[in-house]
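S.K.: Spelled out, the chains give:
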Amino acid sequence: MNYKIVVLAKQVPDTRNVGSEAMTPEGTVNRAALPAVFNPDDLNALEQALRLKEANPGSTITMLTMGLPKAIEILKEGLFRGVDSCYLLTDRALGGADTLATSYSLAQAIRKIGKFDIIFCGRQAIDGDTAQVGPQIAQKLDIPQVTYVEDILSYDDKKVVVKRHIDGGTETVEAPLPLLLTINGSAAPCRSRNAMKVIKYKRANTNIAIDAMSDEEKAFFKTRPYLTINQLGAAEIDADPNQIGKQGSPTNVKAVKSIVFKAKENKTLTSSDEDIKSMMSELIASNAI
Amino acid sequence: MANYYTETPELKYHLHNQLMRRIVELKERGFAEKEQYPHAPQDFDDAMDNYERVLDIVGELCSEVIAPNAEGVDHEGPKCENGRVEYASGTKVNLDAARQAGLMGLSMPRRFGGLNFPIVPYIMAAEMVSTADAGFENLWGLQDCAETLYEFGNEDQKMRYLTRVCAGETMSMDLTEPDAGSDLQSVMLKATFSEKDNCWYLNGVKRFITNGDSDIHLVLARSEEGTRDGRGLSMFIYDKRNGGVNVRRIENKMGIKGSPTCELVFKNAKAELCGDRKLGLIRYVMALMNGARLGIAAQSVGISKAAYDEALAYAKDRRQYGKAIIEFPAVAEMLSIIKAKLDATRAILYETASYVDIYKALDDIAKERKLTPEERQEQKKYAKMADALTPLSKAMGSEMANQNTYDCIQIHGGSGFMKEYKCERIYRDARITSIYEGTTQLQVVAAIRYVTTGAYLNLIREFEAQPTAPTFDILKDKLKDMADRLNMATNQIVETKNQDLLDLMARRLVEMAAHTIMGHLLLRDASNNAELFAKSANVYIRYAEAEVEKHMAFIRKFRDENLADYLYAEKA
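Quick note, the sequences are listed as chains A and B, same order.
To convert, count from 1 in the first sequence and add 1276; that's the numbering used here.
To convert, count from 1 in the second sequence and add 90; that's the numbering used here.
Hints listed in this document are in silico derivations from the structure and should not be mistaken for laboratory results.
Even for Gly, the Cβ is constructed at its ideal location relative to N, Cα and C.
One or more of the hints may lead you astray.
Stated by the list, open to error - The following residues of chain B were derived to be distant from chain A, with all beta-carbon distances above 10 Å:
| hint | residue |
| --- | --- |
| 1 | D246 |
| 2 | K286 |
| 3 | R459 |
| 4 | R597 |
Claimed, not checked - Incomplete in silico selection of chain A near chain B, CB under 8 Å:
| hint | residue |
| --- | --- |
| 5 | P1345 |
| 6 | K1346 |
| 7 | S1468 |
| 8 | R1469 |
| 9 | N1470 |
| 10 | M1472 |
| 11 | K1476 |
| 12 | K1478 |
Using the sequences and the hints, build the whole thing.
M.R.: As structure tokens, then:
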């Protein structure tokens, strides 16, 4: 079967290598100090999508991201690996969105993109760690979802069978198409960029950016339509202004605290009987043993 | 993410060498394909940007996939079952990753599915792959064979086979036999033409064939019945899909254990002739070997890089007597020598690769149109220089890779003798580089004529005429002095007209030339970029000066009657 595949991905600050300057004094994430990267779980999702496409010639992958204009970088990373077309959803009106407004905006964009069989997204993003956006999108599109997927075991034109990561093991789940899968970080790592595709797509840009170029540059892009990335705004996805951006986000962050473990939380014990006895009674008192 | 390419600024420096503009212009035929292929460059800067981007992919793949697999591959190794080779599991992962990344057939023309890369960036990729895992470089680097098939095969063969190589199928060159190692003229594998089937059949045994169970083989075989020398040999293409070749066994080797070295049995294996009959050894294998020698030079430099990285990291980390051992001059000196030899062999590697690029591109253009007299002259000049420098790159690169891995273990002390440390594998992997694709002794045989004809000296005099930074004048004087000594020593030996004496001294003379040439290249690099190369230029040229002095002393003090001490004679 030819699958129409959608991959959702997010550009995130690289919180895996957090230094002392990761947070601003106001307690928000200091995005300037952290390099922007392809959200790790989304790379696992992309790999699953690419494998499905490869095993089913004729399938297509459309990649969608919502974020700042610079998020085009991760769309290009997708093109470098075998994605067929891309959509960049970016608009000031969409900014400041929580998971509810984000999932609404992405669901609207997916409706706009058209028919699909499987949506792949990462389990969660490393900046918010909510793992809510994928499931909420499935809910809004009224399709089944399987979360924490590690591998796709089999598929046909009606259903997929997947291996799902659960506490202490895995479970095998069968689910009908169309559906949404969130892919766990324990799934196969994403492949490397492809040399020929990197050269082919290195100039890819949004239709908006291309419109602003000189006539000569425009002509270059016109003869190479594969280099155009579709940019969408709130208007193009027919978004209800009350459901997007800050307006559509009931979540309020009251405060963010940077917790630094203090030395006094440690206790040094010697091997003396007295110290061991006191530790035993403390552990028994706290029901630890 | 770790990335060998971005973390090694020396590579970017060599990629942007002064011949690159000419190389790209020739290779891209004035950017004739820019409207035809989405992956063809628009201009010079675009082409260079493409090379960098692809080397970035190679660098990442090496750091993230190939290097972490190297230890497992070394332990597990390939297996031979039912006449077929099964790669180690890590090797399979590496091959899949390299295929997915589109890194097979890099230098092939676009019409076959390649990227039309020059040899300089291709060799750079080979160097990095070798740093990650020298054994894997053998499998990846055998795409070199495609170059020979491209040069000498017909259009139909190219279309059928090169497209498959670009899509990721592997190759091998089946030359060696039990009784034909260095002396390939003795190859006996028999090729018989069948009028009935209108094809050739191969019968016989090949030995020590790297990646012998590959998809597409180039085979050297005796097509002319009754002949005994090189003129009776032709080159054939054997396609594994046709069957007829089985792997009898694979060798249990000291190093590069992930690379299967096979003994092959050809039983009525259907094959097709590549190029013309009788030119197999004298023309095609010579071309194949030159490419392969450059490949081994790259493999050697890659190994030296791995040795340097390991030695440096350990020397910084290991503490004795209250400080890191790198702070002891005896250790620091070893490190600076490793780095200097690495930089020197890398410099001659990319210098050679650039020369090869220019003459090969012109060779290729000559198939399309007549070269202008200037182009013909350029082609001749660079072909000659490439032929002169290739044996030096291979000989010095591989010998120094061995020295560097030895010193790397020395820096590790007792720990380096244990299997836990990477340096032990690198040391074993290095050992073959000065043996296969022509031993160092055979490289000397190829190189000595450029000593006696004065070709190296002419090249050195050209280097001397190039402007260099005044800071390094003292080095330049040393190099001039070294060239004079090379000249003196050469004259002294040549004047005796004693072939035995010349054979005995050949290696010393070739090394004197090589040290001087590599010294000049480092001097040039230090003048261009002192930050990257000044230290290595200083260290290397002082080392080279002492080496030249040593050889000079030996030659000068040598008496005719001493010769008998070195030559073998059966006692009466």
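S.K.: Next, verify each hint and record whether it holds.
M.R.: Results of checking the hints against the structure:
1. Distance check for D246(B) against chain A: the nearest CB is about 24 Å away, which clears 10 Å, and the non-interface claim stands.
2. Under the 10 Å C-beta cut-off, the non-interface status given to K286(B) relative to chain A holds; the minimum distance is some 40 Å.
3. Remark: the non-interface label on R459(B) is consistent with the geometry, its nearest Cβ contact in chain A lying 27 Å away (cut-off 10 Å).
4. With 10 Å as the threshold on Cβ separation, the claim that R597(B) sits away from chain A holds: the shortest Cβ distance comes to roughly 41 Å.
5. Against a cut-off of 8 Å between C-beta atoms, the interface hint on P1345(A) is violated, since the closest Cβ of chain B lies about 22 Å away.
6. Residue-level restraint check for K1346(A) is violated (minimum Cβ-Cβ distance to chain B is 19 Å; threshold 8 Å).
7. Because the closest C-beta pair between S1468(A) and chain B is about 4 Å apart, less than 8 Å, the hint holds.
8. With a cut of 8 Å, the hint placing R1469(A) at the interface with chain B holds, because the nearest CB-to-CB distance is about 5 Å.
9. Residue-level restraint check for N1470(A) holds (minimum Cβ-Cβ distance to chain B is 4 Å; threshold 8 Å).
10. The restraint placing M1472(A) at the interface with chain B holds, with a minimum CB-CB distance near 5 Å, inside the 8 Å limit.
11. Look at K1476(A): its Cβ gets to within about 4 Å of chain B, closer than 8 Å, so that hint holds up.
12. With its C-beta approaching chain B no nearer than about 7 Å, K1478(A) sits inside the 8 Å limit, and its interface hint holds.
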